[in-house]
Each structure stands twice: as C-alpha cells, then as structure tokens.
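Visitor: In order, the protein sequence lines correspond to chains A and B. Each residue of the first sequence is one higher than the one before, counting from 6 in my numbering. Each residue of the second sequence is one higher than the one before, counting from 14 in my numbering.
Treat the hints as calculated values from the structure; they're not laboratory data. Think of the CB as a built atom: it goes at the ideal place given N, C-alpha and C, for glycine as much as any other residue. Treat the hints with care, since some could be wrong.
Label pairs and their computed distance ranges (CB to CB) [stated by the list, open to error]:
id : chain 1 : residue 1 : chain 2 : residue 2 : range
1  : A       : ALA183    : B       : ALA31     : 45 to 53 Å
2  : B       : ILE82     : A       : GLU180    : 17 to 25 Å
3  : A       : THR33     : B       : ASP86     : 29 to 37 Å
4  : A       : ALA183    : B       : VAL53     : 30 to 38 Å
5  : B       : ASP86     : A       : ALA183    : 19 to 27 Å
6  : A       : PRO188    : B       : VAL53     : 37 to 45 Å
7  : B       : VAL53     : A       : GLY64     : 32 to 40 Å
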Amino acid sequence: MKRVSWPCSAPGGNGEEVGLAAGPADATRRVLIVPALFEEANRTRRLLAQTMRAAAAQGVATVLPELPGCGESLAPLDRQSLASWRQAMAFAAEHFAATHLLAVRGGALVAPADLPGWRLAPTAGALRSLLRARTIAAREAGRSETAAELLVAGQERGLELAGYKLGPTLIADLEQAALPDAPDQIELTVGELGGEALWLRSEPGEDAHLALALAAHLADAVG
Amino acid sequence: MPNDAAPQWTLADDDSDAQLRAILRDILGLKPAQTAAFDVDSGLFGALPELDSMAVAGLLTEIEDRLDIVIDDEEVDGEMLETYGALLAFVRAKRAR
C-alpha cells in the first residue's frame, strides 16, 4: 500500500490530490475505488484497505483517491461541488489508467460513468441523512430547525452538517442528486456478498469476509 | 422474518417487519437473534446507546431507500422512534398509502 498523488485542479487545492494505491504497477486490471461520502468514507476505510490488499494478492491494482476537501486532501471542503469531485475522479481514472471502477455508496454520484465495474450499495441520500441528524439533534436540545429551512439557508451561505462545512453549491448539488445511469456498473448489495453494512454503523469494526468477496469481484473478468 | 419466538403481531401480510429488523441489524451491528427478539415494546431511541441522532438519521434514510417511501421532517418525533412497535406501525402506515 503506498501513498499516491495525481494532477488535479480542485478549487482551492494546490494542483494535486492524494490517495492510496495497492497492487502491481504493471497490472492489466486497474480499479479506481470512488469512496463513500462524509462519515461513511471513514466507516468504510478499513473495509476498502482490506479489499485493496486482497485484490493486490490476486494481481489487481487499485487506487483509492480522497475526494477533494476530504481526508488528506489540501483543498477546502467548502469550495467543492459534485462537479469538482466528478472531475477529480475523472482525472484520477485517467492518471492511473483505470480499467474498472468500484463506487462505494454516494461515491456513485461522482464516479466516471463510462468505466465498467461495480457499485456497492449506491445511494443518493447523503444530504438527507446529514440534515436529519442535525434536525434530530436540535430537537433533543430543545431547538426547532427544519430540513427545509436549513436547505434554504445552506444554498445561500453554506452549512455545517455533522462537522462537515459544505458550500452552497455542494448543498444544492446534493439536494438534487440522483444516481446516474451506468449500465456497465453492476450493483452489489451486502445481502448478495454475504457481508455487513459497515457504513451504516457508528461502530463499524471490520468485515474480512466482505473485503474478500469484494476483492473477488474486482479480480473477476467483467466488462 | 417471523419465527417461533416472534409474537403474533409480527405475522402481518407484508415484509415490513422483516425489512425493518434487517435494517436495524445493519445499523446497530446486532446478531439476527437479537433483532428477532425485538417486540412491540422494545425501546429504540433513548434506550439503545448505539442509536444516537446520527444513527437515527441513517436509519430513516435507509428505511426510505429500501422500502421506497419518503419520510417528512414533521413526521419524525420521539414517539415514533421510541419503540420497535411504534416504528413498525409508522412504516406500515406509510407503505399502505
């Protein structure tokens, strides 16, 4: 597993973005892993690292980029949009000569649609969850906030949700987001893979079986 | 997932009960036997430490995604989240519409 960077002109960034890579440099199968969004990216980090190591053992190269503004990226999150994330993932796919793609959860919203591969439990609901978490917490604290009011304010000035500072464009993008059609990307569910939905848990732990099942898909000839 | 241990009220004519137990299992990281033991009075929000406001938000969004319903802000209150029975009744009523 090694740290990698690639040229990427994300808003407010320094001209390059960062990620992790595993597997042989000369692999013919090269999989771009587009991470889940926000807290789900943290919850699935270990799962994806285990998947990358298991795929590497089968001769598959993988790269797990950070979305600009997230993780180890130097770019500010509040200047990003779905378009800047989409562009960053397209740059990463090109730089690492990706032949396939694994989009995790909300990552499916920003994954290159033209690469064949897989979508793991894709969702367009990231913003709904963040807004809900905030309104529920507010209610517990005796304040009244509605998702509708937060959305209006957020699309004007941006909004901090669960510790993530989201700019007005990203909020507007996520509010309207729908999963794009990607006929060459096969949808994977934990039910089929025989694993656990770690991204839904506040205490995700790990699931070695799910990592192996994912790696097996990455190593199979599809597309 | 009606089984011998489950009380009669779970044996309804839709799969809401099974789906809701599966979602709670995924979110709370419980074993099937643990969610199978949920009954109408089992406490949820406020009773389970794993179920904080972030987890409740994830729970509601997952219910929407898997059961293809839309839950409005105004419909979410402490009562509906207090027990398994209340949440199941809410989900059933939504799906019946």
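Visitor: Flag every earlier hint the structure violates by its number, smallest first.
Guide: 1, 3 and 7
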